[in-house]
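Chemist: Chain by chain, the residues:
There are 2 protein chains.
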Amino acid sequence: MTLPEDWFTEIHEQAGCAFSLRVRERLHVEQTPFQKIEIYDTSDWGRLMVIDGYVMLSSRDNFLYHEMMSHPMLYCHPAPRRVAIIGGGDCGTLREVLRHAEIEQVTQVDIDERVTRLSEIHFPELCEANDDPRARLLFDDGIRWIANAPEAGLDLIIVDSTDPVGPGEGLFTESFYRDCLRALGEDGILVQQSESPIVDREILLGMREAMRAAGFANLHTLFFPQPVYPSGWWSATAARRAGGFEDFREHDVENKPFETRYYNAAIHRAAMATPAFFQRETGQG
Amino acid sequence: MTLPEDWFTEIHEQAGCAFSLRVRERLHVEQTPFQKIEIYDTSDWGRLMVIDGYVMLSSRDNFLYHEMMSHPMLYCHPAPRRVAIIGGGDCGTLREVLRHAEIEQVTQVDIDERVTRLSEIHFPELCEANDDPRARLLFDDGIRWIANAPEAGLDLIIVDSTDPVGPGEGLFTESFYRDCLRALGEDGILVQQSESPIVDREILLGMREAMRAAGFANLHTLFFPQPVYPSGWWSATAARRAGGFEDFREHDVENKPFETRYYNAAIHRAAMATPAFFQRETGQG
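Protein sequence lines, in the order shown, are assigned to chains A and B.
Numbered according to our numbering, the first sequence terminates at residue 461, and the numbering increases by one at each position without gaps.
Numbered according to our numbering, the second sequence terminates at residue 461, and the numbering increases by one at each position without gaps.
There may be inaccurate statements among the hints.
SDA-like mimics (lysine to any residue), calculated; alpha carbons at most 25 Å apart, straight line [to be verified]: (1) B:432 with A:432; (2) B:212 with A:313; (3) B:212 with B:300; (4) B:212 with A:449; (5) B:432 with A:453; (6) A:432 with B:459; (7) A:432 with B:300; (8) A:432 with B:455; (9) A:432 with B:430; (10) A:432 with B:182.
Okay, the calculated bits of chain B under chain A, using three or more residues with CB under 8 Å as the criterion [stated by the list, open to error]: (11) 187 to 197; (12) 224 to 235; (13) 245 to 258; (14) 411 to 423; (15) 449 to 455.
By construction, these hints were calculated from the structure, which means they are not laboratory data.
Predicted, not measured: the structure shown is a model, and the values here were computed from it.
All C-beta atoms in this analysis are idealised placements derived from N, C-alpha and C, irrespective of residue type, glycine included.
The shape of chain A in the complex, shown without the other chains (with noise of 0.2 Å):
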């Protein structure tokens, strides 16, 4: 069966696999100094924001992937107050950790102020918190901004960004993860999308590596569901200087004053369970 020419196609070339969105109208196309931005909208999953041929989120199931990149993370610190977001112009991430009203201050650190622009006109209900006074928006290169923050400055960073290629490459090095060792405070989390763990596994393991190398003493993987990324199957990855990721402040979770589509109690133990598999190949329990 062929595609017909006004669906949307993601293909992944190293895995043999694609993704396709059936696709109404493309109503932005924009090459920026970074990277080039495309807004489609389809016709069952809302609004499309593709960088450089890669899905990047579409409004049907981003849910999924902002809230496991911080709802998950923020209950597991054990007070978490200053929290930086390394790429995530979409806002969506920003939205769910503004949620938590512990949180003093986030800054929004990405590298291109085009995707947070069109976010705001295609995606506005992911922006709906840009103007809280605890959120801090700047466009500007995250792997500088880290490397010149001051030591044990922030509780959780959460590294939100594309695929390893381009602009995002430098997030995935050994000497980025060394900068956000050191501007993490005693108990301070990092956590990192860390591709599919089915198709991408050499970039994961390969980032567990660096993590570890840089002096990450404790790791690990969450899974979870997303669709529009290759093999629908996504992870994130979470690194502590010291302490395990085994507690979270499970209470808080049940009396959350706010609302979540997928995430709950019972949902955050599911992400920490390891496959059998990745048990094997990374020790991970």
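Please build the complex by placing chain B on the supplied structure of chain A, with the hints as guidance.
Modeler: Leaving out everything else, chain B in the frame of chain A:
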């Protein structure tokens, strides 16, 4: 981006999405009295079986589906002895069930013998237990077979079927579920693949309603990844006349004498966790 012609694509029309695999060669195509079966050799996913245009399984990722259709409910039942598999002609579920030493008999009832014969050729690893003396392979109408099955003769019925179109349609009805209920013993469990929780929600909710109407007092939908199926996120729904799904033979899982690639005790609990939106829609805790 347009896909070259040597890719196999399954379009999910109602959901406006499609999934494609790069193929090297179509190894076989055949119209049986029941359906059209195709076998492909893919570049990265091993062999691929397609029925009536729908992906059934690939060598690379079928372990997720087959393990999750069998082990969670086998370990949930206190002492399973007699199992029926309705559909499942590729024999992958049968193989997993037969790994359980306490199983005395497994009857697989697939309407189309050609699925099994082609699986023996192209997926021999899935058929390696077909000669087990406890396995009984019938090629018959599963709906009629269940209707005529002795009362309370089964501990577990696994419905491993195609989507509710074509020969699989009758497997999603109240009258079929009523017959299943009659065929199950006191502690008996029915478990059926129940499509994507995100793009096939109406089918899934309809199945749950029909199961309940048929007299199953307790239901539980399980969630797991399955990259080659629409959205990459899949579900199975389990139903019991009495008794819940909270407990499982965890000690037996921890000491199981066979290897799995996805399933373990933590993944068991993870699959039972209910996403927030699904909890709101169904009340499932």
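Chemist: Under the criterion that the straight-line Cα-Cα distance not exceed 25 Å, is the pair residue 432 of chain A, residue 430 of chain B satisfied?
Modeler: At roughly 34 Å apart (the allowed maximum being 25 Å), residue 430 of chain B and residue 432 of chain A break the hint.
Chemist: Would the hint linking residue 212 of chain B and residue 313 of chain A be met if the CA-CA limit is 25 Å?
Modeler: Violated, at about 55 Å.
Chemist: Taking a Cβ-Cβ distance under 8 Å as contact, does the stretch 245 to 258 of chain B have three or more residues in contact with chain A?
Modeler: Per the Cβ count (0), the hint is violated.
Chemist: Would you say the stretch 411 to 423 of chain B counts as covered by chain A, given the rule of at least 3 residues with C-beta under 8 Å?
Modeler: violated (count 0)
Chemist: Take a quick look at whether residue 432 of chain B and residue 432 of chain A sit within 25 Å of each other, Cα to Cα.
Modeler: violated, 38 Å
Chemist: Hey, residue 432 of chain A versus residue 182 of chain B, does the alpha-carbon distance stay inside 25 Å?
Modeler: violated, 50 Å
Chemist: Taking beta carbons only, do three or more residues of the stretch 449 to 455 of chain B come closer than 8 Å to chain A?
Modeler: With 6 residues close enough to chain A, the hint holds.
Chemist: Between the alpha carbons of residue 212 of chain B and residue 300 of chain B, is the straight-line distance 25 Å or under?
Modeler: This hinted pair holds, its Cα atoms lying about 20 Å apart.
Chemist: Is the listed coverage of the stretch 224 to 235 of chain B by chain A valid when you require three or more residues with a beta carbon under 8 Å from a beta carbon of that chain?
Modeler: violated (count 1)
Chemist: Would the hint linking residue 432 of chain A and residue 300 of chain B be met if the CA-CA limit is 25 Å?
Modeler: Roughly 50 Å separates the two Cα atoms, so the pair is violated.
Chemist: Assess, step by step, whether the Cα of residue 432 of chain A is no farther than 25 Å from the Cα of residue 459 of chain B, and give holds or violated.
Modeler: holds, 19 Å
Chemist: Mind taking a look at whether chain A covers the stretch 187 to 197 of chain B? Criterion is 3 or more residues with CB to CB distance under 8 Å.
Modeler: Since three or more residues must qualify, the claim that chain A covers the stretch 187 to 197 of chain B holds, with 9 doing so at under 8 Å.
Consistency note: the structure conflicts with the earlier hints numbered 1, 2, 4, 7, 9, 10, 12, 13 and 14.
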